[in-house]
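Chemist: In case you want the letters, here they are:
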Amino acid sequence: MFASLRLALLGVTAVVQGLGVAALFVHDHPAGRVAFAVPALVTLLCAVWVVRRRPLPKALVVGGTVAVLAASSVATEALPPDAHFGPAHWSYGLIGWHLLLLLLDRVPVLLAAQAAHVVLSVTQWVLAGAPERAEIGSAGVVVFSVTSFQLGVLVMSRILLRNARRAAEVAAERERAATRAALAEQWEQDLRAGFAGQLGATLPLLADLADGVLDPRADDTRLRCALAATQLRRLFAENDDVPDPLVHEVTACVHVAERRGVEVSLAVSGAPVPVPTDVRRELTGPLAVALSAARDRARVSLLRTEGEVRVAVIADAGVDFGTVTGRVEVECGTYGRHTRMEARWRTS
Amino acid sequence: MADELSAVVVDDHPAVRAGVAYWLSSGTPPIRVVASGEDVRAAWLGEGAQADVVILDLHLGGPTPVLGDLRRLVEVGRRVVVYSMRADDDIALQCLELGALCYLTKAEGAEHLVQATRAAAEGRPYTPPSLAGALAGDRSDHRPALSAREVEVLVEWFQSESKEFVAQRLGISLSTVNSHLERIRIKYALIGREAPTKAALVARAIQDGLIGVDDL
Numbered sequence: 000m001f002a003s004l005r006l007a008l009l010g011v012t013a014v015v016q017g018l019g020v021a022a023l024f025v026h027d028h029p030a031g032r033v034a035f036a037v038p039a040l041v042t043l044l045c046a047v048w049v050v051r052r053r054p055l056p057k058a059l060v061v062g063g064t065v066a067v068l069a070a071s072s073v074a075t076e077a078l079p080p081d082a083h084f085g086p087a088h089w090s091y092g093l094i095g096w097h098l099l100l101l102l103l104d105r106v107p108v109l110l111a112a113q114a115a116h117v118v119l120s121v122t123q124w125v126l127a128g129a130p131e132r133a134e135i136g137s138a139g140v141v142v143f144s145v146t147s148f149q150l151g152v153l154v155m156s157r158i159l160l161r162n163a164r165r166a167a168e169v170a171a172e173r174e175r176a177a178t179r180a181a182l183a184e185q186w187e188q189d190l191r192a193g194f195a196g197q198l199g200a201t202l203p204l205l206a207d208l209a210d211g212v213l214d215p216r217a218d219d220t221r222l223r224c225a226l227a228a229t230q231l232r233r234l235f236a237e238n239d240d241v242p243d244p245l246v247h248e249v250t251a252c253v254h255v256a257e258r259r260g261v262e263v264s265l266a267v268s269g270a271p272v273p274v275p276t277d278v279r280r281e282l283t284g285p286l287a288v289a290l291s292a293a294r295d296r297a298r299v300s301l302l303r304t305e306g307e308v309r310v311a312v313i314a315d316a317g318v319d320f321g322t323v324t325g326r327v328e329v330e331c332g333t334y335g336r337h338t339r340m341e342a343r344w345r346t347s
Numbered sequence: 000m001a002d003e004l005s006a007v008v009v010d011d012h013p014a015v016r017a018g019v020a021y022w023l024s025s026g027t028p029p030i031r032v033v034a035s036g037e038d039v040r041a042a043w044l045g046e047g048a049q050a051d052v053v054i055l056d057l058h059l060g061g062p063t064p065v066l067g068d069l070r071r072l073v074e075v076g077r078r079v080v081v082y083s084m085r086a087d088d089d090i091a092l093q094c095l096e097l098g099a100l101c102y103l104t105k106a107e108g109a110e111h112l113v114q115a116t117r118a119a120a121e122g123r124p125y126t127p128p129s130l131a132g133a134l135a136g137d138r139s140d141h142r143p144a145l146s147a148r149e150v151e152v153l154v155e156w157f158q159s160e161s162k163e164f165v166a167q168r169l170g171i172s173l174s175t176v177n178s179h180l181e182r183i184r185i186k187y188a189l190i191g192r193e194a195p196t197k198a199a200l201v202a203r204a205i206q207d208g209l210i211g212v213d214d215l
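Protein sequences appear in the order of chains A and B.
In this text, residue positions in the first sequence follow numbering that gives the first Met the number 0: the first is 0, and each later residue adds one.
In this text, residue positions in the second sequence follow numbering that gives the first Met the number 0: the first is 0, and each later residue adds one.
No lab work stands behind these hints, which were simulated from the structure alone.
Mixed in with the good hints there might be a few duds.
[Claimed, not checked] Computed list of chain A residues with no C-beta within reach of chain B, every gap over 10 Å: (1) D27; (2) Q113; (3) L160; (4) V169; (5) Q185; (6) D189; (7) A192; (8) H254; (9) V267; (10) Y334; (11) E341.
[What the hints assert, rightly or not] If you anchor each label on the Cβ, the simulated ranges turn out as follows: (12) T322(A) to I171(B): 15 to 25 Å; (13) I190(B) to E184(A): 50 to 60 Å; (14) I190(B) to G335(A): 44 to 54 Å; (15) R280(A) to H141(B): 29 to 39 Å; (16) R280(A) to R40(B): 52 to 62 Å; (17) E163(B) to G260(A): 22 to 32 Å; (18) H141(B) to P273(A): 44 to 54 Å; (19) G60(B) to V241(A): 24 to 34 Å; (20) I190(B) to A192(A): 48 to 58 Å; (21) G211(B) to N238(A): 24 to 34 Å.
[Stated by the list, open to error] Derived coverage of chain B by chain A (criterion: at least 3 residues anywhere in the stretch with Cβ under 8 Å from a Cβ of chain A; other residues may be distant): (22) 123 to 132; (23) 161 to 173.
Remember, it's a predicted structure, so these values are computed and weren't measured experimentally.
No residue lacks a Cβ here, since even glycine has one placed at the ideal position from N, Cα and C.
Go ahead and model the full structure; you've got the sequences and the hints to work with.
Modeler: Right under this line is the structure:
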């Protein structure tokens with residue numbers, strides 16, 4: 000936006016400079032010609048950067064400003080005393096455009112340079128000879144018109160720039176919001192997919208119950224329901240933000256068993272260690288199975304030693320799902336009236 | 000009944016004092032609660048000063064455990080069973096280090112309390128399941144070296160709360176389970192600060208042939 004504005008300004012400056020050629024020959028003077036060449040050169044130099052939409056180098060800005068102000072002074076000086084602010088005074092209107100072109104992004108400096116230009120021109124005019132009242136009037140009109148027009152351009156450009164910046168900010172914020180929404184949706188989908196994968200025995204059980212294939216009063220159905228409830232409860236606990244997620248998940252499983260009327264004694268020992276989510280799943284999965292098989296009493300323990308995390312269930316009834324080896328080792332056994340299940344994970 | 004065991008109960012809840020007194024008196028043989036109170040003065044004054052065992056609640060009306068009171072009792076040779084609301088491994092290990100003969104959580108019930116009190120009256124340690132868990136999970140640098148079998152006994156006892164089950168699982172006798180647990184406690188008694196109860200415990204273990212003098 001800023002680059003486009005300055006490109007427009009470059010065009011205006013070039014046109015105004017071209018139109019000024021006619022005024023140059025009203026009072027032809029060698030100094031006047033030199034003074035005319037300087038702003039033309041500055042315009043050309045600026046064009047090198049402006050056309051490529053690059054910011055102007057500082058040296059060009061400083062040098063150009065000083066050069067055009069000096070050129071204005073020289074051109075004004077070359078005028079006869081009665082020609083000030085008249086049609087022949089080409090430099091007065093033109094230099095303001097150069098200043099705008101050079102200093103559009105440095106508003107305080109631009110205002111100072113414009114003021115300096117006005118003061119310089121007026122001072123030179125006054126020094127050239129006491130002006131008459133009518134001359135003062137017409138000069139005042141010229142100074143006021145030119146200056147206010149150029150300041151008007153400045154104000155409009157600032158407003159345009161501010162609006163453009165706001166629009167860009169709004170667009171960026173909208174884009175960020177859209178990204179956030181997309182991420183949240185992705186996360187929810189992942190969660191859903193994860194849930195569906197973790198639902199385990201629940202969906203077929205619900206389908207069988209709905210179809211009337213299973214008898215809700217049968218022991219086996221009740222056992223399967225107990226297991227599904229425990230698995231669901233464990234799954235819900237999995238995503239909770241708690242300081243000790245493993246204890247949280249174990250406690251969740253225990254709560255389901257207690258709601259069924261099983262008397263559970265839970266013990267936790269050893270300082271907490273970080274356990275990855277999938278390992279937690281492997282540790283608490285067998286716990287859910289063993290605990291949902293318990294009838295009246297169960298002992299659940301979680302022990303964290305130097306190199307191991309061990310989750311164990313001793314219950315009055317259970318399912319023996321043999322021995323599982325892998326990252327988490329699961330061992331099951333029946334000892335007299337008790338069944339025992341232990342899942343062990345080596346931390347190191 | 001001169002040889003009847005006696006205990007003093009220090010707990011800030013009257014219901015707990017009454018409950019403990021009832022549990023101890025209804026065991027066979029019964030243990031008589033000769034004094035009880037809401038602060039530790041009960042264990043220093045009157046009949047309480049002569050009681051065989053002090054049953055001490057660690058949180059007497061405040062958030063900080065009364066470890067100082069425990070240390071002073073143990074220093075004069077009192078046999079203390081710590082009876083606490085909280086299952087905090089670090090506090091449990093600290094109590095053992097100070098010389099308590101047992102750390103029992105209130106969730107663990109009458110049977111363990113009666114056994115712990117009876118053992119303490121004889122100057123023996125008692126290791127309930129929660130304390131076994133604390134010992135098995137002990138990761139401190141100065142912990143004693145336990146044999147693989149000793150660790151298994153601790154873990155199995157913690158997991159099952161049943162010594163019969165431990166014996167069956169490991170294929171050893173009930174008395175072997177007990178002597179493993181006692182030997183572990185002796186190893187713990189040999190570390191850290193000295194206390195009369197800990198010295199007595201070690202001396203008794205040597206007398207019983209549980210450990211040799213060479214093991215020290």
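Chemist: Of the hints stated earlier, which fail here?
Modeler: 9, 10, 11, 14, 18 and 21
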